[in-house]
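Engineer: Take these sequences, add in the hints, and give me the full structure.
Protein chains: 2
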Amino acid sequence: MESQRRSLGDDSTISPELDRLIRQRGRDLRLRKLDQQNAVKIVNHLMDSLLEFLKNNEDQPFFREVSVLTSGSYYELVKINKPNEFDIMLKLKGPRLVLSELEEYQGLFYKIKLCKATRTEIQHFLLEDERTISATKIKAEMYRLVRKFISNHFQGEGWVIRRNLVNSPAVTLEFKAKENEDDVMSVDIVPTLEVPQGWPQAARAGPNVDKWLGKKCRRQFVSKAVYFVPKRPKGRNLKDDAKESWRISFSHIEKEMMHYHGNKKTCCETHSNRCCRKLCLRLLKCLIEGLKQQYPKELEPLCSYHGKTAFFHVLSDRVHDTLWSPGQLSVSFMKLFGYFERCALNGSLPHFFVREHNLFSPPAFPKRALLFLTNVLREQRELGLPVLKVPSPTSALVPDTDAVIQPISGTESIVASERSFRHVYVCLLVVIVCVGIGCVFQT
Amino acid sequence: MESQRRSLGDDSTISPELDRLIRQRGRDLRLRKLDQQNAVKIVNHLMDSLLEFLKNNEDQPFFREVSVLTSGSYYELVKINKPNEFDIMLKLKGPRLVLSELEEYQGLFYKIKLCKATRTEIQHFLLEDERTISATKIKAEMYRLVRKFISNHFQGEGWVIRRNLVNSPAVTLEFKAKENEDDVMSVDIVPTLEVPQGWPQAARAGPNVDKWLGKKCRRQFVSKAVYFVPKRPKGRNLKDDAKESWRISFSHIEKEMMHYHGNKKTCCETHSNRCCRKLCLRLLKCLIEGLKQQYPKELEPLCSYHGKTAFFHVLSDRVHDTLWSPGQLSVSFMKLFGYFERCALNGSLPHFFVREHNLFSPPAFPKRALLFLTNVLREQRELGLPVLKVPSPTSALVPDTDAVIQPISGTESIVASERSFRHVYVCLLVVIVCVGIGCVFQT
Numbered sequence: 001m002e003s004q005r006r007s008l009g010d011d012s013t014i015s016p017e018l019d020r021l022i023r024q025r026g027r028d029l030r031l032r033k034l035d036q037q038n039a040v041k042i043v044n045h046l047m048d049s050l051l052e053f054l055k056n057n058e059d060q061p062f063f064r065e066v067s068v069l070t071s072g073s074y075y076e077l078v079k080i081n082k083p084n085e086f087d088i089m090l091k092l093k094g095p096r097l098v099l100s101e102l103e104e105y106q107g108l109f110y111k112i113k114l115c116k117a118t119r120t121e122i123q124h125f126l127l128e129d130e131r132t133i134s135a136t137k138i139k140a141e142m143y144r145l146v147r148k149f150i151s152n153h154f155q156g157e158g159w160v161i162r163r164n165l166v167n168s169p170a171v172t173l174e175f176k177a178k179e180n181e182d183d184v185m186s187v188d189i190v191p192t193l194e195v196p197q198g199w200p201q202a203a204r205a206g207p208n209v210d211k212w213l214g215k216k217c218r219r220q221f222v223s224k225a226v227y228f229v230p231k232r233p234k235g236r237n238l239k240d241d242a243k244e245s246w247r248i249s250f251s252h253i254e255k256e257m258m259h260y261h262g263n264k265k266t267c268c269e270t271h272s273n274r275c276c277r278k279l280c281l282r283l284l285k286c287l288i289e290g291l292k293q294q295y296p297k298e299l300e301p302l303c304s305y306h307g308k309t310a311f312f313h314v315l316s317d318r319v320h321d322t323l324w325s326p327g328q329l330s331v332s333f334m335k336l337f338g339y340f341e342r343c344a345l346n347g348s349l350p351h352f353f354v355r356e357h358n359l360f361s362p363p364a365f366p367k368r369a370l371l372f373l374t375n376v377l378r379e380q381r382e383l384g385l386p387v388l389k390v391p392s393p394t395s396a397l398v399p400d401t402d403a404v405i406q407p408i409s410g411t412e413s414i415v416a417s418e419r420s421f422r423h424v425y426v427c428l429l430v431v432i433v434c435v436g437i438g439c440v441f442q443t
Numbered sequence: 001m002e003s004q005r006r007s008l009g010d011d012s013t014i015s016p017e018l019d020r021l022i023r024q025r026g027r028d029l030r031l032r033k034l035d036q037q038n039a040v041k042i043v044n045h046l047m048d049s050l051l052e053f054l055k056n057n058e059d060q061p062f063f064r065e066v067s068v069l070t071s072g073s074y075y076e077l078v079k080i081n082k083p084n085e086f087d088i089m090l091k092l093k094g095p096r097l098v099l100s101e102l103e104e105y106q107g108l109f110y111k112i113k114l115c116k117a118t119r120t121e122i123q124h125f126l127l128e129d130e131r132t133i134s135a136t137k138i139k140a141e142m143y144r145l146v147r148k149f150i151s152n153h154f155q156g157e158g159w160v161i162r163r164n165l166v167n168s169p170a171v172t173l174e175f176k177a178k179e180n181e182d183d184v185m186s187v188d189i190v191p192t193l194e195v196p197q198g199w200p201q202a203a204r205a206g207p208n209v210d211k212w213l214g215k216k217c218r219r220q221f222v223s224k225a226v227y228f229v230p231k232r233p234k235g236r237n238l239k240d241d242a243k244e245s246w247r248i249s250f251s252h253i254e255k256e257m258m259h260y261h262g263n264k265k266t267c268c269e270t271h272s273n274r275c276c277r278k279l280c281l282r283l284l285k286c287l288i289e290g291l292k293q294q295y296p297k298e299l300e301p302l303c304s305y306h307g308k309t310a311f312f313h314v315l316s317d318r319v320h321d322t323l324w325s326p327g328q329l330s331v332s333f334m335k336l337f338g339y340f341e342r343c344a345l346n347g348s349l350p351h352f353f354v355r356e357h358n359l360f361s362p363p364a365f366p367k368r369a370l371l372f373l374t375n376v377l378r379e380q381r382e383l384g385l386p387v388l389k390v391p392s393p394t395s396a397l398v399p400d401t402d403a404v405i406q407p408i409s410g411t412e413s414i415v416a417s418e419r420s421f422r423h424v425y426v427c428l429l430v431v432i433v434c435v436g437i438g439c440v441f442q443t
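Line order of the protein sequences matches chains S and H.
Position 178 of the first sequence, counting from 1, maps to 178 under full-length UniProt numbering, and the rest follow consecutively.
Position 389 of the second sequence, counting from 1, maps to 389 under full-length UniProt numbering, and the rest follow consecutively.
By construction, these hints were calculated from the structure, which means they are not laboratory data.
A quick note: this is a predicted structure, and the numbers were derived from the prediction, not measured.
A portion of the hints provided could be inaccurate.
Remember, identical chains collapse to one label, so a pair may be satisfied in a single copy or spanning two.
DSS-like, lysine-lysine: derived pairs with alpha carbons at most 30 angstroms apart [claimed, not checked]:
no.	residue 1	residue 2
1	Lys-41	Lys-216
2	Lys-41	Lys-215
3	Lys-111	Lys-255
4	Lys-255	Lys-211
5	Lys-176	Lys-224
6	Lys-215	Lys-308
7	Lys-389	Lys-239
8	Lys-224	Lys-278
Structural biologist: Structure below.
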């Protein structure tokens, strides 16, 4: 066990090259965040207008009382290599609700019913029993309203609505700047139901943050509301209940954990208290995206939420802020990577809030995909994380333009890209030495 | 400066005897807290009944919508040697208010006016300008209602109302158990006005907790409401404004700082994370009470809030939890004592929230009293804190019954009490040795 642990992402395996790569990629990602400012302005304007439109809409009074749940989260990067993707949850104001867990999904999916029959506006979104709130009806109405909003208010301004996906809870808008076709931006708008009266049984214990954020903090979390988004389980031949089911969401708590991430209350508040936790998550997301880009079909079930979940598990175990000091970036990232690899190998990644639910279990994550992921992660580790070397247009140091345009699809091209990277380093070294010699001779 | 610092409560001055005394007194105080349970039950019952009475009272509708502000704080010991004193703030629901600072009191006392004229129930508590809320009228009505409540509902059950003091914001109830005349308990009921719209200028910067609880925490504090109690400044010949003025209160924030007192979020949540901060405050309060008991007239201006303020200043400077580990009790307490002594010596103890206000400045704290305090504190330090040796009836180890009954009034009796203390230790030692020898011979 111990020897396996050592080989899986222990710091003894970090070569100087790997260390350099991780730190370089970390620097790139820090710069990337700045690119987002302009996109944020455009999205803020869009959302303000949408809220205004919904508040005054004549068609559907139930959507009049919406508010943005994760306000400010615009700034959290959902995808690293596409910094202009935004996730916005729109909270719908409902009456008192009753949850019932869909058993086969271990606490992740729920049927949501009204406490009592009603003649209020929500009645248009109920199933035949006049109690159960239909996820598909809510989603369809959100889609219809957003489409109407765009055609009424943003016609010809570059925003288009994307085709509705049956497994996504979101209505997705895409923006293409006229000047630059590559300047794509997208906004996921997710209708959300609030259930204020306590977390469901499967999550009641609260997340395992006692050693990290403390017991008082866990109790605070559990005292907050919980949210549901109209997302059905993956898989075919779903039962009727499952087709109309809602997935539990803790994104408000996740956001808070990201923000108040230190064991010390003063973490990241001064230069000397900085930590590298967030950067480690961004690196892992970056790695996941890179792998998905290389193997879109094989790794289709993999998503950034798997990375985020692994990240929270590692944080709740590796609690001291000093372990995450900026100088420990490579060690910390390899710990996270090692944990993620072990989860894949063992086929077990418990949901951080609904601990009974294994995010790496079929049918959501088929065995075949898991095996593929395990192999790819091992290969990545053995080769020194070549996927992190994939350069991107906004990277500060662009080693090879060809590599940007042509997506890497196998090990060969990874090696090629690595070579071109080395080539640049050698050139740089030669230039520096020449300049140095020049200086010496001048004096 | 450094040499003065060393002599004032530096740990190099802690003799083994002093160390033992502090730790022994600390143990006593921990036990003391348990005594309070029964009193808490009685007070909870009283308060529930009072709230019920106020909600249904026909006389004064303005007092119908009250709620307990510092609920749960029943358990915080206000006075250490009288563990059965309780402080309860009753929040009155008012309309929007405007504050204006009384200049000569550096941000501590305020005139409170309504934003606009009103015909609601608060009109009975206004001055002639029909805007300013009269502190004396509110206090008088609170007194009248509490007296009526006691005579209607608790007649003959041991509760009596204490005479109204002009400088106190509280209506004080006293309870004497029939079985035991010494079993005294008292409850201070303080009517409180809430001002939700931002802290006044003098406190706007927030408390200096950046290095200790963090900037995020400070911002959270400042975003909360602020409260006012009907307390006028000390001194004679007050202006009319001052007579009707309200004193700003941060007791809700103080309570929170006491509860979330660690630099780490996990402080005091497990045995290995315990700290001695709270115990240090209790020791200082204990010392202050002891001194006030010895010199009631000379130290009349001194109160436990001076100790609490010094405590928060030390916490905001000495931030790391490890410095406050239980093993560091004596060192930590002497740091606190040293800081308090320096404040007295320099005549400067800034209010923790209203930094411009010096709690050690006249007329609230006359120069003469401050000089006396400085001398007494120096004497205490030089003699090894004899005031902490004063035994009390609930102490686990009662060294000398005479000393309990007869209040100590000078240095001589302190020395006497010290001797009797040593006497008990010697006796105990002899008994232990005898039992030990007995055991050895038996085997």
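Engineer: Take the hints in turn and mark each one as holding or not.
Structural biologist: Going down the list of hints, with the structure as the test:
With identical chains, the CA atoms of Lys-41 and Lys-216 are at most 30 angstroms apart between copies only, with a shortest distance of 25 angstroms across copies and 37 angstroms within one. In this assembly of identical chains, the alpha carbons of Lys-41 and Lys-215 lie at most 30 angstroms apart only when taken from different copies (27 angstroms versus 38 angstroms within one copy). For the identical chains of this complex, Lys-111 and Lys-255 are intra-copy neighbours only, at 25 angstroms inside a copy versus 41 angstroms across copies, given an alpha-carbon limit of 30 angstroms. Taking the closest pair of Cα atoms, Lys-255 and Lys-211 come within 30 angstroms of each other both inside a single copy (19 angstroms) and across two copies (24 angstroms).
For the homomeric pair Lys-176 and Lys-224, neither the shortest alpha-carbon distance inside one copy (38 angstroms) nor that between copies (43 angstroms) is at most 30 angstroms. In this assembly of identical chains, the alpha carbons of Lys-215 and Lys-308 lie at most 30 angstroms apart whether taken from the same copy (21 angstroms) or from different copies (26 angstroms). Proximity of Lys-389 to Lys-239 under the C-alpha cut-off of 30 angstroms is found in neither arrangement, the shortest distances being 44 angstroms within a copy and 75 angstroms between copies. Both within a single protomer and between protomers do Lys-224 and Lys-278 lie at most 30 angstroms apart by alpha-carbon distance, with minima of 24 angstroms and 29 angstroms respectively.
In summary, the structure is inconsistent with hints 5 and 7 from the numbered list given earlier, while agreeing with the others.
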